[in-house]
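Using the sequences and the accompanying hints, generate a full structural model.
Spelled out from the first residue to the last, the chains are:
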Amino acid sequence: GAVVSQHPSWVICKSGTSVKIECRSLDFQATTMFWYRQFPKQSLMLMATSNEGSKATYEQGVEKDKFLINHASLTLSTLTVTSAHPEDSSFYICSVRNTGNTEAFFGQGTRLTVV
Amino acid sequence: GENVEQHPSTLSVQEGDSAVIKCTYSDSASNYFPWYKQELGKRPQLIIDIRSNVGEKKDQRIAVTLNKTAKHFSLHITETQPEDSAVYFCAATINQAGTALIFGKGTTLSVSS
Numbered sequence: 001g002a003v004v005s006q007h008p009s010w011v012i013c014k015s016g017t018s019v020k021i022e023c024r025s026l027d028f029q030a031t032t033m034f035w036y037r038q039f040p041k042q043s044l045m046l047m048a049t050s051n052e053g054s055k056a057t058y059e060q061g062v063e064k065d066k067f068l069i070n071h072a073s074l075t076l077s078t079l080t081v082t083s084a085h086p087e088d089s090s091f092y093i094c095s096v097r098n099t100g101n102t103e104a105f106f107g108q109g110t111r112l113t114v115v
Numbered sequence: 001g002e003n004v005e006q007h008p009s010t011l012s013v014q015e016g017d018s019a020v021i022k023c024t025y026s027d028s029a030s031n032y033f034p035w036y037k038q039e040l041g042k043r044p045q046l047i048i049d050i051r052s053n054v055g056e057k058k059d060q061r062i063a064v065t066l067n068k069t070a071k072h073f074s075l076h077i078t079e080t081q082p083e084d085s086a087v088y089f090c091a092a093t094i095n096q097a098g099t100a101l102i103f104g105k106g107t108t109l110s111v112s113s
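Just so you know, the protein sequences line up as chains A and B, in that order. In case it helps, the numbering used here puts the first sequence at residues 1 to 115. In case it helps, the numbering used here puts the second sequence at residues 1 to 113.
Hints may be right or wrong, so weigh each one.
[Unchecked claim] No more than 35 Å apart at the CA atoms, straight line, and that leaves these computed lysine-lysine pairs for DSBU-like:
1. B:Lys57 - A:Lys66
2. B:Lys42 - B:Lys71
3. B:Lys57 - B:Lys37
4. A:Lys55 - B:Lys105
Hint data in this document are derived by calculation from the structure and do not stem from the laboratory. These numbers come from a predicted model, not from an experiment.
What follows is the structure, encoded as structure tokens:
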């Protein structure tokens with residue numbers, strides 16, 4: 001299966017600052033990556049679809065100016081949470097789908113705490 | 001877009017009993033239905049999946065059934081063990097690499113010994 005690496009695993013930041021989360025596809029080229037957010041005891045909610053070399057597609061209700069996505073290469077997508085607030089505290093997790101059998105693989109997730 | 005409903009939200013069983021979790025989906029174009037197990041603070045782990053060209057798939061104690069006409073699919077775990085305790089998510093999507101999985105709300109399974 002594919003290997004997806006996400007960094008950092010956890011981060012604590014102050015309100016008003018920005019945080020960047022990296023998602024790397026280590027063993028295959030991913031033209032598309034997906035970003036999810038998971039609040040405690042809730043499901044994985046799709047935030048956006050990251051497309052290599054073009055703009056990301058955001059789900060309804062997700063502010064594209066707050067959650068900046070960059071997919072500059074076939075192996076790296078980044079999610080930047082700008083001007084973070086305590087309500088942005090959550091578990092952020094990226095995913096790619098294998099182009100062969102289309103199974104989905106997930107990064108380790110990033111626990112963001114905004115204080 | 002796709003909408004996935006999952007029931008029950010919590011399920012408690014005795015060790016050795018069977019557990020069944022049910023999901024329905026809305027988009028008739030969906031043709032790939034994976035099930036994930038997630039432990040606290042960890043990434044989801046695929047436990048079984050099914051594609052719409054089959055109605056049932058089994059892997060040891062785990063089975064999944066799919067009814068395309070009714071747009072629902074179910075996870076069956078037999079001979080449950082305490083280590084099966086976790087949160088289980090169903091998902092639905094189109095069988096293309098560029099399409100995201102849409103998840104159900106999850107079921108917290110507790111297996112007591």
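Hint by hint, here is what the structure shows:
no., hint, in the structure
1, B:Lys57 - A:Lys66, "42 Å, violated"
2, B:Lys42 - B:Lys71, "29 Å, holds"
3, B:Lys57 - B:Lys37, "17 Å, holds"
4, A:Lys55 - B:Lys105, "28 Å, holds"
Going down the numbered hints, you'll see the structure goes against just number 1.
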